[in-house]
Amino acid sequence: MSIVIRTIALLSLASLIASCSQPPPGWQVEQRLGPEQFGMDPDQPIARSIIGATARPVLGLVGEELHTEQIGIPLEDGVAQFPIQIAPDDIRRANLSIQTFAAGLASSDNTIAKGLQDKVFWRRIEKGWSIQPDQDGYRVIIRDERGRGAEGLINARLFLTTPAPSELRSYGFAIPAQSELQFHFGSTPTAGAVPDPPLRYQADLTCDGRSGTALLGEGRVDSQPGTGWRSARVAVPQGGEKCELSLRVTDQEGQPSTRGLWAWPEVRTRSLQQGRQPNVLLICLDTLRADHMSGYGYPRQTTPAIDDRLMDEGTTFLDVFSTFPQTDVSHLSLFTGLYPDAQPVRGRLRPGSPVTTMAESLQAAGYQTDAITENALVSGLFGFWRGFDAFTEQSVVSEKLGPVSFARAEEYLKKNVDQQFFLFLHTYQTHDPYDSSPEYDAMFRNDNHWNNGGPAPYVPDPQQKHVDRYDRTIREADSLVEQILDTLDETGLSKNTLVILLSDHGESFGEHSLPGHGFAFHDEQLRIPLILRGPGIPEGVEVAGSASLTDVAPTLLELLQLPGLPQGQGRSLRDAIFGTPIAPNREVYFSWHQKGALGARNQSWKSIYSDEETRNYPLETDPFEWHTIKQPTLPPDRQAIIEAHRRESAKIREELTGKDRGNSMDDQAIPQRMEESLRALGYLN
927 MSIVIRTIAL LSLASLIASC SQPPPGWQVE QRLGPEQFGM DPDQPIARSI
977 IGATARPVLG LVGEELHTEQ IGIPLEDGVA QFPIQIAPDD IRRANLSIQT
1027 FAAGLASSDN TIAKGLQDKV FWRRIEKGWS IQPDQDGYRV IIRDERGRGA
1077 EGLINARLFL TTPAPSELRS YGFAIPAQSE LQFHFGSTPT AGAVPDPPLR
1127 YQADLTCDGR SGTALLGEGR VDSQPGTGWR SARVAVPQGG EKCELSLRVT
1177 DQEGQPSTRG LWAWPEVRTR SLQQGRQPNV LLICLDTLRA DHMSGYGYPR
1227 QTTPAIDDRL MDEGTTFLDV FSTFPQTDVS HLSLFTGLYP DAQPVRGRLR
1277 PGSPVTTMAE SLQAAGYQTD AITENALVSG LFGFWRGFDA FTEQSVVSEK
1327 LGPVSFARAE EYLKKNVDQQ FFLFLHTYQT HDPYDSSPEY DAMFRNDNHW
1377 NNGGPAPYVP DPQQKHVDRY DRTIREADSL VEQILDTLDE TGLSKNTLVI
1427 LLSDHGESFG EHSLPGHGFA FHDEQLRIPL ILRGPGIPEG VEVAGSASLT
1477 DVAPTLLELL QLPGLPQGQG RSLRDAIFGT PIAPNREVYF SWHQKGALGA
1527 RNQSWKSIYS DEETRNYPLE TDPFEWHTIK QPTLPPDRQA IIEAHRRESA
1577 KIREELTGKD RGNSMDDQAI PQRMEESLRA LGYLN
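Per this note's numbering, the sequence shown starts with residue 927, numbered consecutively.
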């Protein structure tokens, strides 16, 4: 791949697209009919509901109230149970959260179970429990996932969800002629293994005094409630200046039901060909080191498809760094443009936070915004679903990570050829425990990779087998990316889709410190790929110069001619894409798990500061960080740079925290599938 510097007039991406091709008209979201349009309090946090694996914002207040709390329930032979008094109609609304303690913590007065209930996270149980009738009422029966023989204690909280409105009527709103309405509806899984009867969803539209139209005919029947969202697109040829929408949910006998949920209806209009903005596909390969990609110079052919079809056909940034070598914190930098010290809560977005995300900006611009993730630390409950119309979380335990998520993405692309979309696709395919599919098992074995100790920076002998496994997962991830690119070609979407491939952080194999990520500042944990390909993006260009994960959102938004993030600290790299070099003294910043940790780097120096140590690395003569310059303090100019960034971040964090409307996430229970994924990825013991 050649190193090319091109001088291109700084045209808008839309102008470049128009000059290169004429994309077909696509549907854009003109308006989302949220709670305010239906007379609900606009200051309430957005209510979301998870049906199947997908969360959507819904109409109505999705809340719950505590019904019963039980402390210190004996877990014997894998089963715990306790009696409850509950109305039969309320059983369908029940949800269960538990804490599980080892048998050694048992005590006659449950002192330990009581003392730990506010110190140990609660798990929302999605399977393995039921509510059964007994002679005195009902009994909750919990079957431990470890099976028979499991012993210990369980704390339990039974909640009842708030009933959903059975009927909704909107205020008046305008619908352009030749538009359409998009509906998503469904119900959450019935609690306690109680079967749920089918539900009927009806929608009527009245415009400008004309007689009403039954948009869904006699209603759409969901014969398998709780298994997934149902969708319907309805043409509205005539439209109107003042339209009112009525939504109803009934059972099969026509009686009102409070079990059904409506996601926010969407008014969609056709965009014009000329100047239509591209779709955006953002792919994050979690834990992928740039220096383990063949296109970035790695000796093994780990990424042939990415090399040929993204790097050669797009623009590659050579020196991009994560803000923190951990998934949640770095992803929040990606979506908000904020460095870790400026995030009001590291790696989290509270429901009342004033922070604006990249997804919210694209949503406001008419994009359909969807995410396919593999939960764990990229979880909606941590705030990452902000700005997404649909946020799908795969479990890394119940389904093969990588292939299943990419198959979902391929299906999504085929179904949304005529939509203007932003799709965020995230996978742990290259994350510990480095499991690849059987067809990749023979790769990177008995080659000459480890001759003379392998490529720099050198990996200790005991870790080399783990590197081999890691490289195999990268090769499989490359194949998955190739399949996505094939789908874009087959559907014709390549002509009008901007593809961005990146990672959130790297991975250590003992080159400088403990294996893994999160606890050190060396490049193997921080240097990541960033590649853009699409209409208007120069081909075969490599851009040197320090860049940060915080730069991605401002770059994308400027390319699309959209307003920047109001709170972001990153810089747009648009000029660098089109030939303006990144200044060699441009500083980017990073943190890691150590008290007071903060680092800064440019093309010449990498400076490290924490409460425990200070270090300086002359990168031009020591690119692998082998020769640490340890000093009691950093040189004054480097210390001043770090202190200035710390002050700037503290000011931003203080301002954002002061505008927070509250609504803490601290008391939320972790869903069972999320807890299983965190454990499988090594984040929980």
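If you are wondering where the hints come from, they were derived from the structure by calculation, not from laboratory data. Please note: incorrect hints may appear among the correct ones.
[Unchecked claim] Below, simulated DSS-like cross-link-like pairs (lysine-lysine); rule was C-alpha separation at most 30 Å, straight line:
(1) Lys1577 with Lys1521
(2) Lys1341 with Lys1391
(3) Lys1521 with Lys1556
So, going through the hints one by one against the coordinates:
Restraint check: the Cα-Cα separation between Lys1577 and Lys1521 comes to about 19 Å, which is no more than 30 Å; the hinted pair holds. At roughly 41 Å between alpha-carbon atoms, Lys1341 and Lys1391 are farther apart than 30 Å, so this suggested pair is violated. The straight-line distance between the Cα atoms of Lys1521 and Lys1556 is roughly 18 Å, inside the 30 Å bound, and the hint therefore holds.
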